[in-house]
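Starting from the given sequences, assemble the full structure and let the hints guide the process.
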Amino acid sequence: MQPRHAAAQTNRPSRHLRRIRRRRAGKIVATVVVSTMLAAFVAVGERIRQLDANISSLTGVEELLKGRPTPKATTTAPAAPGDPFGGKAVNILIVAVDTRSGDNADIAGDHLESQLNDVNMVAHISADRSRVDIMSIPRDTMAPMSECTRLDGTVASANSDRQINEAFSKASQWNWEEGKTAGMACVVQTIEDLTGIYMDSYILVDFAGFAGVVDGLGGVDLCLPEGLTSRKARLNLEPGMHSLNGRTALQVARTRSGSNYWGKSLDGSDLSRINRQQQLIAAVINETLQAATLTRIGDLNKAATAITQSLYIGPGLDSVTALAGLAYSLRKIDPARISLFMVPVVGDGMRVRLAQSSTGKLDGATAAEVFEDLAWDRPVPGTAAYKALHPDPTTGPSAGASPGTSPSASPDTGATEPNDEIVTPSRVPATCEVVGQG
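Letter by letter, the sequence shown follows residues 1338 to 1775 in the numbering used here.
None of these hints come from the bench; they were simulated from the model. One or more hints might be untrue.
As the list claims (entries may be wrong) - No more than 25 Å apart at the CA atoms, straight line, and that leaves these computed lysine-lysine pairs for DSS-like:
no. : residue 1 : residue 2
1   : K1409     : K1724
2   : K1425     : K1669
3   : K1409     : K1425
4   : K1639     : K1425
5   : K1724     : K1669
6   : K1425     : K1403
7   : K1601     : K1569
What the hints assert, rightly or not - Here are the in silico distance ranges between beta carbons for each label pair:
no. : residue 1 : residue 2 : range
8   : D1465     : E1399     : 39 to 45 Å
9   : K1569     : D1489     : 42 to 48 Å
10  : N1582     : D1604     : 25 to 31 Å
11  : M1687     : N1496     : 29 to 35 Å
C-beta atoms are modelled at their ideal positions from N, C-alpha and C, and glycine is treated no differently.
Rendered as structure tokens:
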């Protein structure tokens, strides 16, 4: 049986035109950060004031942080007009929490009590604004948990070995409305202590916020070559290209249990869904950039409103003018130099740990080496920027691997096999090749 696509792709530009438009549009950083910044471009005059009023600033986080790492990168580049970081390297922590507060229970499709930092990404922007690296740290990572000040002012003691997604609730005490500052401070503290990377700012988002951004764009297209079914997430997506609204896009990003279209079960871990999240984020960015290229002002204004109403933003970025300035500084970036990847990890039962020796991922880099590269503003192994600086004239790309991906060898005993293919917006497919059952 030839699977049919879940949504007809009518009135779509030709593949050639879409590629041209994508190349023309690919001048702004990827991930949620990009969508946030893009709000500034469609806001002028009174609209800027309105959008600024929408932004929720995460004030008070800095006062709760202790013993922070020293910024290591000292190089600077000529600053673009309005760049809030003045041509210096920038690290932004992006955290998504699975709270059910407010509209989140309806968006999530359940009322389970939860408040975990399930998505943790470090977005690094180079000083010369020539590359952006977005590193995902799996929610299942076992690592030291920092001492944190709770919402009620008491101090939660440090833990030598905890799952990293417990950091937010540890300090927020399961109070979303009043505990966001303490919860975010605990996540920032834990990630900084773990990586040694100083966070210049941070962004917090919930379910409703992510879904609102997607709906503001009129939905996004995503290729699911093997389909995705999950009774828990209420998903039944056949193999092919799908036009997803905000609620369905969120479920695709969250799903860990279920199977592909032919019944092969997902492994239940966070590792396989990280790649789907990266593909989805890149698709959101492509849709945003396409809207900008085609001057879909209505869509952009809806997205800008949803973005500024839904995200909680840290110092240095918590205004439309600051977002616009950083976005403008990235106007010439090559989309192939925007990379989303997962930190190298090894398996530990149903959990993972940071890789202390080569797993064959990211050209053999360890987790500590990736952290050092980001902290010192160096290209991460396996990315296009790294390969441009370290060409291999004898072997070329790894056998069987696509350009820009890492080899799949895994010499560590007990190493997991996460799909840490480096995702870039320029490589997200405009069409979808369906994978057969056999």
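### Task
Provide an ascending list of the numbers of those earlier hints which the structure does not satisfy.
Numbers 4, 8, 9 and 11 - these are the hints that the structure violates, sorted from lowest upward.
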